[in-house]
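Here is what each chain is made of, one letter per residue.
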Amino acid sequence: MIEVKNLSKYYGNKLAVDNVSFTVHKGDVLGFLGPNGAGKSTTMKMITGFLVPSSGTATVGEHDIRKSPKQAKELFGYLPENGPLYEEMTVYEFLDFIAGLRLKPEEKANAIQRVSETCHIQEVIDQPIETLSKGYRQRVGMAQALIHDPNILVLDEPTDGLDPNQKHGVRNLIASMAEEKAIILSTHILEEVDAMCNRIIVIDNGKILADEKPEEFRKRHPHFGGVRLEVENSESAKKIKDILGTEKMIQKIIEEDKVLLVLPKDKKPIDALILSLIKEKNLDVRSVSSQPTALDHVFKQLTNN
Amino acid sequence: MNAIQQVFKREFFGYFRSPVAYVVMVVFVIASIGLTWFPGNFFDSDQASLAILFTFFPWIFLLLVPAVGMRLWAEEKRSGTWELLFTLPISVTEAVIAKFLAGWAFISIAILCTLTMPITISILGDPDWGPIISGYIGSILIAGAYLSVCSLASSLTKNQVVSFVIGVILCMTILLMGWGQASQLLYSIGLAREIVEGIANFSFLPHYQTMTDGLIALKDIAYFILFGGFCLLTNVLILER
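Residue numbers (the working numbering), protein chains in the order written: chain A, 40 to 344; chain B, 284 to 524.
Hints listed in this document are in silico derivations from the structure and should not be mistaken for laboratory results.
Per the computed footprint, the stretches of chain B lying under chain A, defined by three or more beta-carbons under 8 Å from a beta-carbon of chain A, are:
(1) 292-303
(2) 364-370
What the simulated footprint calls covered on chain A by chain B, stretch by stretch (three residues with Cβ under 8 Å from a Cβ of chain B suffice, anywhere in the stretch; the number is not a length):
(3) 99-113
(4) 118-124
(5) 138-147
With a straight-line cut-off of 25 Å between C-alpha atoms, the simulated PhoX-like cross-links for lysine-lysine are:
(6) A:Lys53 - B:Lys360
(7) A:Lys109 - B:Lys360
(8) A:Lys109 - B:Lys292
Using N, Cα and C, we set each Cβ at its ideal position, and we do this for glycine too.
Let the hints inform the model, and build the full structure from the sequences given.
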């Protein structure tokens, strides 16, 4: 639904986005990750036709954003970074304005009703936007992006500035739309990617460093698939190491203060094997748990190089 | 067309959302009628005509029009809403035209608020309606030309004050080029007649004066359309960058 082809953008002499290409299909919830200033927003601004790329282009649906921008812009809903809104208008007037540009006159009323329900803004519908809290503003921004029920959504930091409950609400909303839409969202909160996305693109210094499923991304963690064994004392630790060390499936055992971290070969699962060995050889283990592999560790590693 | 209509509606009614618009309008009406009455010696002139009012208009517009036009693009840039606007299905050209028309409509309403003057005159005397009608048409056209300059100025910055100042300076420069005294000055430094006339013709003033004299000539209308068109086209190019 979205095809990004060799997009590059220079700001003066600085290369902000460097030859970025990817495709987004229906059903994809693409998490666009990267440190601040990595080129996430610039890429989104080029896809949505706000910025003119220095080279390359993007196709939305069938339409090239540079050759037929109007047709392309009809197909997506876009929430810009920091959710800029016409502050002096009331929420209703604002949505009516957007609906006027995107829909037929007879469809407007229903659409406004629908998005004000899904985004929970009914209670502020007649308030001027300048009087709203950050959370409401962000939801009004979401509402305008959804007003024409687009098949494609481009959301630049959709949960920015929301409290935990509101974040949860937005995540649920995105999850509920995931199946029938193609969604690109940028964030620097990794737990969000875990909660919402089925695909991750990591971008840094304008370049794509990774484009894969969250599971694959997680596999980049050096301790992926590891099993933690808590032991009684160094003696039992030694015994366990001797027994597990002979197993072909196990690559490495790291010992640190009464904890053994057992790492698998080729990132294949070894939990079943270890559990059966503990039973069989009657090993003295206090607890067994899988090693948590946080996405932010992988992210840090990728973007620090 | 629908896109222009929607943005026009938003912009036009936007003026009336803020008290500034009413203040600008009231100040304009008081200033133009006040200047006509007192410094213009309207009552001593003993004429049932609006010639004096029309002489003051281009000078009052120097402040009125930049005040109306300064926010057109500067405000969108400052608040970031132009990102929203230009990712909606509307072209830059349509947005520029819609915003220009909304500002122009607002200024035209302000100008038409001075219609109390011709109404009063028609009660007191027997005015010649020809120059009054053509004068009002000229006033609306010259205000449009100013506004196209101010819209362009507004697209250059995200600061409304800077936009206002650029607008005033540009409009004043173009206006002064056609002012009698400025032409005299150019003659006195030895410029050829053709050059001085050429410079004066580029200004709003001679084209406006023909209209306040009661003559609507095609070349003057063409001047305003071409001038406004040129400024708005440049405005589009700047925004499309």
